[in-house]
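*Asks:* Starting from the known structure of chain A, fit chain B onto it as the hints suggest.
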Amino acid sequence: MNIDKVLQKGLKSFLPLKDDLPTEMPAYVNSFGYFFGTMTLASLAVVFMSGTVLAFFGPDWWHFSSVGQFFNAMHFWSVEVFYLAVIMHLTFKFFKAAWRGNRFRTWVNGWIIFIITIFSGISGTLLQANWDAQWNSQQGKAAFNALGLSWMNWMNYTTVLTLHVVFFAGLILFFVVTHLAFVRSESPVHPIVNGGKGEIDDGNARALGEGDEK
Amino acid sequence: MSVLSDKNLRGYPMKPYDMVREGLIVFGVMLTIILVLAAVWGFPGKNYGPLTIKEVATKAPVAFLKRTVSYFSGTSRLQTYGPPYTHNDNHAQHIGPFCPNCWVGVIYPLNAKVDFVMQPLQQIAALDPNVATALNTYQNASAKQQTEWNNAYTSALNKAQVTHGRVVLPAGDYGPVPVLMNGMLTFARTGLLEAALTFNTNPNMAPYETNYTRPLLYLGGPIMNTVAGHFDEKGGEWGMSHIAGPYPGAWWLWPYTFLYQIPAIGNSPNGDLIAFLIFLVMLLIAVLAPMIPGLNRIPYVIPVYKIIWRDWYAKYPSGIPSNASRKRV
Chain A
1 MNIDKVLQKG LKSFLPLKDD LPTEMPAYVN SFGYFFGTMT LASLAVVFMS
51 GTVLAFFGPD WWHFSSVGQF FNAMHFWSVE VFYLAVIMHL TFKFFKAAWR
101 GNRFRTWVNG WIIFIITIFS GISGTLLQAN WDAQWNSQQG KAAFNALGLS
151 WMNWMNYTTV LTLHVVFFAG LILFFVVTHL AFVRSESPVH PIVNGGKGEI
201 DDGNARALGE GDEK
Chain B
1 MSVLSDKNLR GYPMKPYDMV REGLIVFGVM LTIILVLAAV WGFPGKNYGP
51 LTIKEVATKA PVAFLKRTVS YFSGTSRLQT YGPPYTHNDN HAQHIGPFCP
101 NCWVGVIYPL NAKVDFVMQP LQQIAALDPN VATALNTYQN ASAKQQTEWN
151 NAYTSALNKA QVTHGRVVLP AGDYGPVPVL MNGMLTFART GLLEAALTFN
201 TNPNMAPYET NYTRPLLYLG GPIMNTVAGH FDEKGGEWGM SHIAGPYPGA
251 WWLWPYTFLY QIPAIGNSPN GDLIAFLIFL VMLLIAVLAP MIPGLNRIPY
301 VIPVYKIIWR DWYAKYPSGI PSNASRKRV
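In order, the protein sequence lines correspond to chains A and B.
full-length UniProt numbering numbers the first residue of the first sequence as 1 and each following residue consecutively.
full-length UniProt numbering numbers the first residue of the second sequence as 1 and each following residue consecutively.
These are computed hints drawn from the structure, not numbers from a lab.
Mixed in with the good hints, there may be bad ones.
[To be verified] As a list, the in silico BS3-like pairs of lysine-lysine whose alpha-carbon atoms are at most 25 Å apart: (1) B:Lys315 / A:Lys197; (2) A:Lys12 / B:Lys7; (3) B:Lys46 / B:Lys144; (4) B:Lys66 / B:Lys7.
Every value quoted in this text rests on a predicted model; they were computed, and no experiment measured them.
Extracted from the complex, chain A is given alone in its bound form (with noise of 0.2 Å):
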């Protein structure tokens, strides 16, 4: 077995180049509702970048300089942005019942990368070094202990710092690779047939060809 010509099949059916970077989309992929997809990754871009700047210069930088406070303002805003987007882009995703058609894994896919991002926010609240940072660290102690995650020490600043900057951002940046890589593969889920009464609307309904019956 060649594993290279597996993986090149693989992708051929799964994910080929003509899905990664689409020249055309369904005509019904038309509207508002699916602005808040991209502005999700956008802002998540946004996150990632002024978060690799703070990460090069520290703490007293991002704190006591004029420029490090300006990049620490860009990724508190951008997470804020970042959750905006994301609220909206799965209340959309909800009211466009975007599971159909066998898209569930892509919608539990969205979910772990939410609860992911808690954990990511939260230990990017403890890194702020701050009251809000040491307040937090105060009450969510006896919540972690509580769920029986105290073996996760979050007062210890390295520990919450590489799980922030490794650990969570590793994790964020695979499911929503993986996210993407569905969406792409899955193409956009079908408009809903008929007010999804009298058939199964599977979300991939099959539109009529010449001859069938009208």
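*Replies:* Chain B alone, transformed into the frame defined by chain A:
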């Protein structure tokens, strides 16, 4: 196209599209919005730096001494906290036999009397002969005598006066305790107590130690609760989901912090565990909504989709294109 796309889109009209161009445009817009937000409001947390032990010892010396003597006399709540710090499993949050914290156990043992007070006192004693003498006197006294001095000093703090930064107690027999506690206060006011607590965590790791458990826990309890109350940040005030000052915080945690606003949960000693389990169920319901009868019909009952795809339905009222007019590529 992928096998799935090819199958799903057969017979559907297509339109030209440039995904990367659209992505770059949206990215540009988002970046601009974020730059404006950052430029106008900055980082909200910059106005509220960490609460330092030096700050507390200087501005609220009696509060500092009350907390310090509670560690010294072994009466603080932290000293019976339970896992992961102490072996008081009865204080660990649990629902019946369900006690995840007990299962993890004491993995960060903490003896607040020794770790927070006695160790720094020994270091202070090396610098101050008065503290060294007082420490020696205290350690050579009987346990009963020590308790009497501790109790008398703790009670006297309620009537203490602060004059020009000095804490003046009413007359009484406190033994060497005032000298020891004033030694801690002076040391704290130099700003060195956090460093000592971190150093003592593991002296062999001195230049590299980043475990700030001890300095972070030191001000926990009444002192931090008072400050948090000032910022309306206590658990019953939506806690972690907002930050100090008039800014948004982790508002996406509202469904979770909402649970703490319910008195039966917020006031329960097992509130964190109860709140989390309820939140876990809420989360599972959201994730599994597509499979839950009733919930998975909401998009049809509240037809937001008709607005989202209004252009499409104007052309294809049933939702299905009427012919296979799509030009295959």
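*Asks:* If a hint holds in the structure, say so; if it doesn't, say that too.
*Replies:* Outcome of the hint check:
1. B:Lys315 / A:Lys197: Measuring from Cα to Cα gives roughly 19 Å; hence the hint holds.
2. A:Lys12 / B:Lys7: With a Cα-Cα distance of about 14 Å, the restraint between Lys12 of chain A and Lys7 of chain B holds, given a limit of 25 Å.
3. B:Lys46 / B:Lys144: violated (48 Å)
4. B:Lys66 / B:Lys7: Violated. Lys66 of chain B to Lys7 of chain B sits at ~73 Å, over the 25 Å cutoff.
Hint compliance for this structure: hints 3 and 4 are broken, all remaining hints hold.
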